[in-house]
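Engineer: Turn these sequences into a full structure, and let the hints guide you.
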Amino acid sequence: MAAVMSSWLMPFTQVAGLIPGPWSDPSLSAHERAHLLVANMTLTEKLQMLHGSEDGRSECMDNPRCAYVGNIAPVERLGMPPVNMNDGPQGFRSPASLAGTSTAWPSGLTIAASWDEEAAFEWGQGMGKEFYDKGSNLQLGPGLNVARVPLNGRNFEYLSGEDPYLGYRLVQPVVKGIQSQKVVANAKHFIQNNQETNRAGVSEEVDERTRFEVYYPPFEGAVEAGVGSMMCSYNKINGYWSCENPSTLQSDLKQAINFEGYVMSDWGATHSMSIAAGLDVEQPGAAWMNADLLRQALEAGVVKETQVDESVRRILQAMIQVGVMDEPLSAWDWGKRLRNVTTSASVASARRLSAKGTVLLRNEGGLLPLAPGKRVAVIGLADANAIYHGGGSGSVEPSFVTTPLQGIRDAMGDSGTIVYNDGRDVVAAAELAKQSDYAIVFVGTLSREDFDRSSLSLDVGTDWTGQNEAVSRIAVYAGQKTVVVVTTPGAVLLPWSRQVAAVVTNFMPGQQAGNAIADVLFGNVNPSGKLPLTFPNSENEIQFSAAQYPGVPDSKAPAYAFYTEQLQVGYRFYEAKHLQFKTGFPFGHGLSYTNFTYGSLNLQDNSGGGKIVTFTIKNTGARRGAEVAQLYLEFPASAGEPFQLKGFAKTKLLEAGEACTLQLHLRPRDLSIWDVATRSWSQVGGVFGVSVGSSSRDIRLRTEFSTTRRGAMEDFCEVVVLRAGPAKLHEIHITIRELPLADGVHGSTGNQLWPAGSILAQELLRRPQLVQDRFILDLGAGCGLAGLAAAALGARRVLLTDCDGETVCNIHHNIQANRHLWGPEGGNCEVQAEALDWKRVSEDYALQERADVVISSDTVYGHFGDDLACCALNLLSSTGSMILVAPKDRQTGVPAFLERMKSAGYVYVESWVQDEHGEDFHLFDLKRRESTAPS
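Numbers -17 to -1, 1 to 918, taken from mature numbering (1 follows the signal peptide of the UniProt record, and there is no 0), label the letters of the sequence shown in order.
If you're looking for bench data, these hints aren't it; they were derived computationally from the structure.
Fair warning: this is a prediction, and the values are worked out from it, not measured in the lab.
Just so you know, not all the hints are guaranteed correct.
[To be verified] Straight line, CA to CA, 25 Å or less: simulated DMTMM-like cross-link-like pairs of lysine to aspartate or glutamate:
| # | residue 1 | residue 2 |
| --- | --- | --- |
| 1 | K165 | E282 |
| 2 | K357 | D405 |
| 3 | K159 | E188 |
| 4 | K159 | D405 |
| 5 | K633 | E617 |
| 6 | K165 | D292 |
| 7 | K565 | E548 |
| 8 | K357 | D292 |
| 9 | K560 | E617 |
| 10 | K565 | E524 |
| 11 | K565 | D442 |
Structural biologist: In structure tokens:
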């Protein structure tokens, strides 16, 4: 599209950096402003926004076009800034030459362990500020993938732990925090990037319901928070690369979840010019979506300029929405990368957040907090060998790290004695522990991007392979005065956990690891963290087969990983199998230095169709502290749902003896399941169990409530008014092919699944006079596709029926999804969908309301035989006209039906057509004998 720059004088205040134009009007929405900008861009300018640097370089030191991890060139003519993308989800990852110039924040999993939305916002805001100060306007984070595989090497990066609802809730303040700093957040990795083993080749085989219920909710939360961008992943989903998968990107993300931002590829994850499938930007280079190839595709009609415009609009909308466009261009100067953006405020925040994400797993005899003035043995990974972060694109090299040994020394001051032993000499370490008042043993393991962990054992992942032996030996001599601090990138085995007095985990704690853990150990911070994932008793306790993980046929380079566990991920499996914890710890578990009692549970309806759950929590201990209360829901058995988290809230800091009231809201969505037939959330009817407590296994309060089923079925009798005019008739053939069908099927693949509806629709297109201004009865013909075509072609009324309720749900979805295909001009068409048995169809609608034309398919006749033949006789006696479609090689029940119709005095004309896949279909036009034979 040629540039159409306006020549009128601007009445608005100029937006900094941008050339004045209608897009500068601050009263317009980000969507409107972006649309105006796109309309004033040349094709060349638009195409340059759909890829990274031309030569694929990143983090270069000699050119602003490749200065950051990912780059989109500026549009200098319009004053539009570049998009400067940088890793990662735990802070600004500088190249090696600039290491030590940003804060190594606690990991995403550590923040997940806080179960604290205020902490999540602080984390996002702190990181966003450092990105801004580095000249980056897009943070490649947060990471959101649900921890399906305990061995996943990137679990430490992810904010969801093993629960979709936890991720859904926590991602929202994180996104808001990042974007409050005029930096676009990037939710990743969409979708099913749940293992690092052959991540660039494995196909994650997962059904639609599981995707929507388990793996999409964290990304849905990001969308609700207004996230500006998402990153598609390396893997395949059901045989299609994630970054060119129309089902997951277009149908699910952009349509069902209503994502308004843009999708970029993971680095090197683009395999084709995938703009039509939902990819907007290739990174880090331009191998597939460069300007030359895109121009060729445009000229050949493979790509439409409207698709290019849509992708560019999404990019610009995100930048406008968070304020990138409102900053002076100097804000995004690549020279700002050289700055050291770590401040005293960021260091203090990192310390505070790390402590909030620390989980007290065990505290027998109230050993913690530690008393001052004692002899303390510090053993293990506590000095220069301390673990604070995982590896890969999510790592940050800080200017300094406070080790646990240093933190403990600072906390104790001159009040006691500290002796350090690295733990390699087990006998010496055990003897030191025996001679001390307290023994604090630091153990841990590491993981990184590109590799999954080979084991959940502490003895794998670092060069200290005798950690479990050391803890067990120390426990023999000093178990009742031993504290073990576990630093881990995810789930871990603790075979000695019941042999020591206290166990604490801080996951990947960031550069303030030492000060934060000292704050907890010595009671300056009363721990309130909860496990965001299960700590199992043994390896592969979730009983994954090789086909589930790492996949088949080759475990080292699997081609397929099958999600046959479906909804039973993590703790849900433990609940379903009633597994007990002998050395591990359950999801949601976390102790405090004080005690809390729960009471006064009350349940009431809210005006939106959900429930309000109210209860009290009282601090009955001697210390000030906070509690995270959790709500778990048990669905009616018919729903096929596992026990699952559906609410949580953290109290304020309660003084000893103080009580508070918490209120948790269950939305109708929380009482629903994903209905594949309607591609929508369907509320379940029956008895629900509500469990409120301190963890998934520490339930303090229980109640029940009953509901009646709600959802699409309630709306079957709704009359939908669609409008179409003659000017649109030439477009109908295209729109019918593009109807979004239920089950995630679109376009031509939809015709494969619903050929009868497609063929009948095309036949009506050929003969629009058959349906114009008439009452059309669609009798189970291809999921309502033909009936919708009739509505578009000017029918007066259309009734879409089926005797199967799920199919009617499907039909109803298609009505709702396709209202936009009919414009405001022309007449009205009333469209209804009803679940009716065939006898009622024939009696009520044929004899009483007298449809003009009936359309149907062979499948109906094959399933219902004589009953439907009787129905058809009634229909024809009223309407006098019927069109029936049947595949040539599958005429189930059709010959017998036709013979019966002939004997009843009807004639038919047979013809055949081919669908776009070359399959032959028969069309039968039936009329009463006295009528003129159809042409």
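Engineer: Find the hints from earlier in the document that the structure breaks and name them by number, from lowest to highest.
Structural biologist: 1, 3, 4, 8
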